[in-house]
Amino acid sequence: MSTANKSQERLSLLHIFLSFVVPGLGQMVAGAFQRGLSFLLSVIVLSYLSIWTIAQKARFPEEYIGAGTRVFFLLVLEAFALLVFLIALRYLMARFVLRDAASQAFSIVGFAVLYAIVVVLLINPLLGTIADTETLSRLHAQTAVISAAAMAAFWFWQALDAGRLGAKQKAASMTPGILITLVLIFVLGWSITQIDLGKAISEYRDTQKILGNIFWPWRVAFEFEITSNEASQKIQAPCPPGATGPPENEVLADETWISATPTCGELTVRDLTGGIEFGTEMIITGGGYEPGQIVEIWWKNPIGNPFQPRSVGETSILIDENGEFTSTLIYPSAVVPDTAVGDQIHTLIARQESEQIFTGNLSREMILALTTMLETIMLALMATFFGIIVAFPLSFLAARNLMSPISSPLRTIIGGLFLLLPALWLAAQATSLVASSLGGLEKAPIPIASIGLILVILFGFVGYSLGGRALSALNRSVAEARTSLITALLAAPLGAIVGWIVGLGVANGIVSIPLGAEVLDTTTVSTPFAIISGFDGGISFSSNPGLAVTIAFFTSLLFALITFVLALRHRAEGDIKIGLVIYTFARTTLNVIRSIEPLIWAIVATIWVGLGPFAGTIALTLHTIAALAKLYSESIESIETGPIEAIQATGATRLQTIIYAVVPQILPPFISFTIYRWDINVRLSTIIGLVGGGGIGFLLIQWIRQYQYNNAGLAVWLIAITVASLDYISSRIRERFV
Amino acid sequence: MGLCPIPLLKPYPFTIALINYQMLQIENLTKIYRDGTVALRDVSFTVEDNEFLVVIGLSGSGKSTLLRCINRLVEPTEGRIVWNGQDITAANQADLRRIRREIGMVFQHFNLVKRSPVTTNVLAGRLGYTPPSWSLINRFREKDHKLSKEVLNRMGIPDKADNRADELSGGQQQRVGIARALMQEPKMILADEPVASLDPVLAHSILGNLEKLNQEDDITILCSLHFLDLVQRYATRVVGLKDGRVVFEGDAKDVKKLSDKDFKDIYGEDAERLGA
Chain A
4 MSTANKSQER
14 LSLLHIFLSF
24 VVPGLGQMVA
34 GAFQRGLSFL
44 LSVIVLSYLS
54 IWTIAQKARF
64 PEEYIGAGTR
74 VFFLLVLEAF
84 ALLVFLIALR
94 YLMARFVLRD
104 AASQAFSIVG
114 FAVLYAIVVV
124 LLINPLLGTI
134 ADTETLSRLH
144 AQTAVISAAA
154 MAAFWFWQAL
164 DAGRLGAKQK
174 AASMTPGILI
184 TLVLIFVLGW
194 SITQIDLGKA
204 ISEYRDTQKI
214 LGNIFWPWRV
224 AFEFEITSNE
234 ASQKIQAPCP
244 PGATGPPENE
254 VLADETWISA
264 TPTCGELTVR
274 DLTGGIEFGT
284 EMIITGGGYE
294 PGQIVEIWWK
304 NPIGNPFQPR
314 SVGETSILID
324 ENGEFTSTLI
334 YPSAVVPDTA
344 VGDQIHTLIA
354 RQESEQIFTG
364 NLSREMILAL
374 TTMLETIMLA
384 LMATFFGIIV
394 AFPLSFLAAR
404 NLMSPISSPL
414 RTIIGGLFLL
424 LPALWLAAQA
434 TSLVASSLGG
444 LEKAPIPIAS
454 IGLILVILFG
464 FVGYSLGGRA
474 LSALNRSVAE
484 ARTSLITALL
494 AAPLGAIVGW
504 IVGLGVANGI
514 VSIPLGAEVL
524 DTTTVSTPFA
534 IISGFDGGIS
544 FSSNPGLAVT
554 IAFFTSLLFA
564 LITFVLALRH
574 RAEGDIKIGL
584 VIYTFARTTL
594 NVIRSIEPLI
604 WAIVATIWVG
614 LGPFAGTIAL
624 TLHTIAALAK
634 LYSESIESIE
644 TGPIEAIQAT
654 GATRLQTIIY
664 AVVPQILPPF
674 ISFTIYRWDI
684 NVRLSTIIGL
694 VGGGGIGFLL
704 IQWIRQYQYN
714 NAGLAVWLIA
724 ITVASLDYIS
734 SRIRERFV
Chain B
183 MGLCPIPLLK
193 PYPFTIALIN
203 YQMLQIENLT
213 KIYRDGTVAL
223 RDVSFTVEDN
233 EFLVVIGLSG
243 SGKSTLLRCI
253 NRLVEPTEGR
263 IVWNGQDITA
273 ANQADLRRIR
283 REIGMVFQHF
293 NLVKRSPVTT
303 NVLAGRLGYT
313 PPSWSLINRF
323 REKDHKLSKE
333 VLNRMGIPDK
343 ADNRADELSG
353 GQQQRVGIAR
363 ALMQEPKMIL
373 ADEPVASLDP
383 VLAHSILGNL
393 EKLNQEDDIT
403 ILCSLHFLDL
413 VQRYATRVVG
423 LKDGRVVFEG
433 DAKDVKKLSD
443 KDFKDIYGED
453 AERLGA
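Heads up: the protein sequence lines correspond to chains A and B, in order. Using our numbering, the final residue of the first sequence is 741, and nothing's skipped along the way. Using our numbering, the final residue of the second sequence is 458, and nothing's skipped along the way.
Just chain B, with the same shape it has in the complex (with noise of 0.2 Å):
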């Protein structure tokens, strides 16, 4: 995880410490949709190793569409991602798979697939690492197997595996989804609203579990949220999109000094608190 990739660099572990290796880079990001809608304009940032940085903003302020173009399921219109040294946006399908194996990614409404069992979802997970051939007839490794079991012991619904998605509530389904970004082993996970959808009380145990994950297993987060106090509780960084167009940066210390006036300054009048 360590190792730089760019090949030239491999003998001089000098430079790599003092090149100061940033995880993801964002750059002069733009998003325009075949209608003309622009969802992003010029957006820059970087996303620092096993950072939980947390992406807020209005509806249809660009934070899905920027979340979805860092695996590139929305293609860019201009500017680059780079992960890890590797130019996403120039990448081809092959390497996009590779990359996108390495990030996983969490739903708003968990996406999941309603009518398959919970495993064959979770399972769903390692099948960038899966040869296609294999697929054809369901089949797994057999260590993805025990992976599966072991993730869902973890997100504490084992006893569900067997269930099908959709029998399951909200909560645990979303907890089937961290489970199937979970199976990817990821470096980062992509996490889109993920607890829009949930009561209160969940909301706080599924940031909870993303949280353990970002102090455990140094995996990094990059989450859209909007609820101010669940971004202080959970954030160590903060970006804010308004039109599609960052208009706050700023680390945890600065979000636990955001004021509800601030907060409404990048959300308009909807701001409002989760008030649990």
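One chain only, chain A, in its complex shape (with noise of 0.2 Å):
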């Protein structure tokens, strides 16, 4: 036992210093290289970070990185020494001291307090000089520190890792480097997501009455008709010399009134950058309200505009129990426009809502929201409806197990690849033809397409399987190598035409690959081949188009090529799993929609097809066919084989075999999921709209763009409700299933 720990305790002080000077190096020296290497890219990262967020932080006006470089590796060196000094000090104290038991006892943790107390009483002192020196603010400051500290303990415990590593020994624990890392990566976060609780605590005073008027929006729900008490004053203002204003008011006995002095005066003035110049103060009295409530002050600029002038004085006052009030007001800030002629009049207004009646109808909000509500729980029902018609079938093609037995020979591809491009050609030449007899695609655009479909379709399945079918009836006739040669030879210009398309796209940048001759002719284009070829920005194509084509013409003769050879070198009785690859485009192809938003997708909707509901059943249905298409074919993949291979036994054909043996076994997964995707659906949909794809999330998003937080609390209050409501029924429906 004894000599175990000795032999513990030996390092290599080389490999330590090593890797005190480049961290890692030690490690790959020791013959573990991949360990080295990731322990120095942890600290270049780590460093980095951490420089990039304190000089962020601390906006150093030059050279910020440079001086957020000094900054960040004198704390390190600081807090290295402190950390060397203590580890000293532990050792000494367990070889004088404390001795054996109690070195134990003395752990590795223990020891860790320790460094982490010293380094936050250091901090205090230290922050001092940095935050007058680089001025950082404080709070970046114990950024800083708490970051180098965290990267010293990291730095010295991978150099301790080498000098094991170096003497022969076990590997260091990871524990502590992953520890420290993640230490380190929580500061860093919390310094650049700008986490700021005390904001958070002394704010919450201001959101409260918005926070109330969503949590409890109901009155607006409702229609009411409402009497109310309310007088005025004329107040002149800008107030020309010589001027007196408007008469002040009479004090009334039976009616309500109020009366301001000063009648005329200056208003205040904020000009660009904020700063502010008050007007005059007036004072208002008012008396015949209702006593014990509140009357609200508006004033009215002279075109008729009336707001509540909160930032000059108080704008809700209660009245007393003689059923006056007086306040004080300085004149607002109400824009005054240069043009304007004469004396301008503004009105006083003290406002007091006596009474209310409830009228018994529901308010034009609610009748709006419950409108576009309806609308959204519709277009969450088409979009899975859209989704489940398309993912249903999509899901066999990306279903492993039902797609990797599917393999046929390469030189049936090669031939229905071949018959196939002239096939979709010629079904395309049809279809402008049908269009052109119909009168154009924007007379009758749904039976144009439709026919366009199915003749791509058809000609495409006859085109594939003829090709297909010519090139082995060929096999059977000639010799294998001869049959093979042919394969090449047609295999060729098929590469060639991908590699044309690869070339025009490079040379495009990789974006314009769809839209082809149309970039080349028209735009310039920075492109990721001029700047690897050294063109200093971007090349002109309409002043150069010959360059793309040139590009494109190499890159399809280097396919062609590489095609040709691929197809020679292929064993001829050794057959392609198309079905596999079929599977890899489907799965691929699904992936890349579903990762997606559909918020993103509703935005591309939009764009297509303008704002409104119908952008967002696009937007919802594109992402439900990924989801479903994905989660069908998972399905599929988990079910038994044995009921598979008994229903084939019986002489089933394989449709057959699909519908008795694979759809019962995935129907129940299939409606689960379905309904999941609907209650997912309604909830998107909601939300859908606040980029304009319709619903209610639309008028929720103009509701708070407008301020208006009691409606945009009616919105969200009918969201839960619906969102809950459904999630309910579609579980219990769910529950009926599995």
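The set of hints was computed from the structure by calculation and includes no laboratory data. A virtual CB, placed ideally from N, CA and C, is assigned to each residue, including glycine. Each hint can be trusted.
Each computed DSBU-like pair below joins lysine-lysine, with the alpha-carbon atoms no more than 35 Å apart:
#, chain 1, residue 1, chain 2, residue 2
1, A, Lys580, B, Lys296
2, B, Lys394, B, Lys331
3, B, Lys438, B, Lys424
4, B, Lys424, A, Lys580
5, B, Lys325, B, Lys369
6, B, Lys331, B, Lys369
Stretch by stretch, here's where chain B covers chain A in the computed footprint (C-beta under 8 Å, at least three residues):
#, segment
7, 647-655
8, 663-672
Over the 12 Å line for every Cβ pair with chain A, so calculated as not near, a few chain B residues:
#, residue
9, Thr212
10, Arg262
11, Asn335
12, Asp442
13, Asp447
Fit the two chains together into the complex; they arrive one by one in their own frames, and the hints show the way.
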């Protein structure tokens, strides 16, 4: 035991030194190349993150990275010195003071805690100097110190690790390294995301009123007739020299009245930089109101727009027991256009809403919200419906267990593809013929598109199978080698076509692949190719179209050659797993569609078909197709194979096998997933309106932008009620099926 | 059933009698899986009409592969399987389906569609006779429905027709499995360890069912088993497989004479009696 302990403490000083100078170098020299490299990369990445954060937060005027680096590494050095000092202290204590058993107790954990305490204690004296010299705020100086200390600890730990490896010992435990890294990332994350708990607490009070409106908005759900006590006073502003202003109102005995003095003065002026110059202060008195209730002060400018001048005085005033009030108000900032002529008369209004009579009707806002809510639910329904229709057949293509047995010989595929292209071209020609005979695409878009789709499928199918059969038939009548040669010769042009597209794409920047020649003719693009080949800026293809064509030509030549060689070398009897190719293609496409959020699809769809629920339906449908097809295909992949075998053994065709052995097994999960997806769609459709996809989200964002928090609250409540009840219903339906 | 499918021979009934027509011939059958496992090596034997032939062998000896090669659920690598004069291994998809519907199959794990009702599972046996387009709307001929009732009656579970398959006990499920095979009006039934997941009493009952079919309906049974007393009780002929090779071939008398020691030679040390 004691010898083992002794040998454990043996360290290689050389490796420690190497790793101290360049992190990870000691490990690399000791033979653990990957470990060393990962430590080096960790140190580089973490240091850079720290420096970047410090420099960003400090907003150093010049050379801010340099200054951040200086601060950071100075701090790292200090923390490191401290660490070494403490370790020496611990060693001496264990050696001379605490002896064996006690030094065990004085474990690494206690040591880490001590280090942390000392670092935090050290922050305060250090902060002063840094904050002064490098204009770091106190908060970010803390970030700097803690991240530097963590980095020092990490540095020390990896040097120790190198020492152990160098002495042929077991590598150091990864736990401290991972813990230190996590601390570092947490501190940096706190700083980068600008977490400020103090602000969250101190500014909560201002939010309360708005939150109240949102949490209990039901007052605006119904229509009320409001009777009000209201009185007004004319005010003149600005006050030209010699003007006396409108007369102050008299005190009335039985009616509501207000009066203000002076009635002529200057308005508050705000300039563009946020500066403010207050106007004349006036005293407002009034009477004849309901005692104990609030009166609201409004200001109406000369063109008749009323507002509550909250920033220049109290606008909600409690009436005393005599029905009177007195208050002061500074003339607010109400812009008077330069072109205004003559005396500018404003109106000061004191209004008390004394009585609200419930009319028994829903308010306009409520009706609007309910209508759009219905729109939202329907949007979700339609998207789910279309999603199912497309996802169901797709999911069979994306199921590995169904697709992997499908294979066919290379010659069938090449022959098929070779005839597929002209067949598709023919289909396109036929479609355009049909379109022109029907009077253009705009006249009858749906019939033409349907005919086009059917023609493409029909021609494509016939072309593919004919081509495949032709080459297979050829194989039976001539020698194997000759068929291989013919196959390779046919494959080369296919490769050339792919190469041409890729070449044009590279030349025009990857984005222009689907647009092809159009981009070529009209725009100047900065391309990856241009950057790689050292052109400064973009290439103007409109002035130099030959370049793109040249690139495309050589790429297609290269591709043709590669395809030819590959096809020729392919063993003739070995089948290509075409099913797996289709599977991979389907999976990839679905993953790409699914990884793009419906909100982004909605933006794309609004560009396509304009604002409104149709755009939202398209966005949700796309996402639903991808998500459902994935879930469906995974449930297909997990079915039992026994029944399939049994049904096949009865002499059933492939279609019958799917209907009788696959479908019954996947139906329950399909129903469950579909309902779940409908549930998700309802939730998504409520927010898809935020970007113009229709539904209640559209209304919600409008109301929020107009600061109508009561109405917004109404929308939020309706969303919550709908989602909760649909959630309940869907879970009940799912229970029945699963 | 007695007619020879080879048209040339048709006018000469005398020749047919002379040829001594054999139902299923397996010639030099070899199966090598993609991962290199050799499941069957050069297996040859003949199955006569109306035999109850039992294939015995350790698990992994190639019994399942052998049975599945016969209806080409597994594609043989080499060799020929001749069924009533027709080479199954060379048959195209359409012919293969016609052959498959004459050969019923019963499985160790029953392989029923668990969520479907018993009737649907049984009717599925008629899929080989049903136009594929009918299947899109789950349609079968009227006489198929009648036949399914008869078959369930015969298997002793007429009252279970509307239950879901997974609500039935193991023995009942295997009866549904046999009923499905019976719906094919088969000339032969392949039974892959039909009683391995059942208890001893049920094992006798299920094998009794198969024996009855063998004797009353003249259906050839090709069955894999691994309990010696079951083999001795039911088999009219036995083929023993070990590591994909035929190591034993004998008729009912030979089987009766099989001692535990002989049995162990085929099975290795794992041999066991049912003990019921």
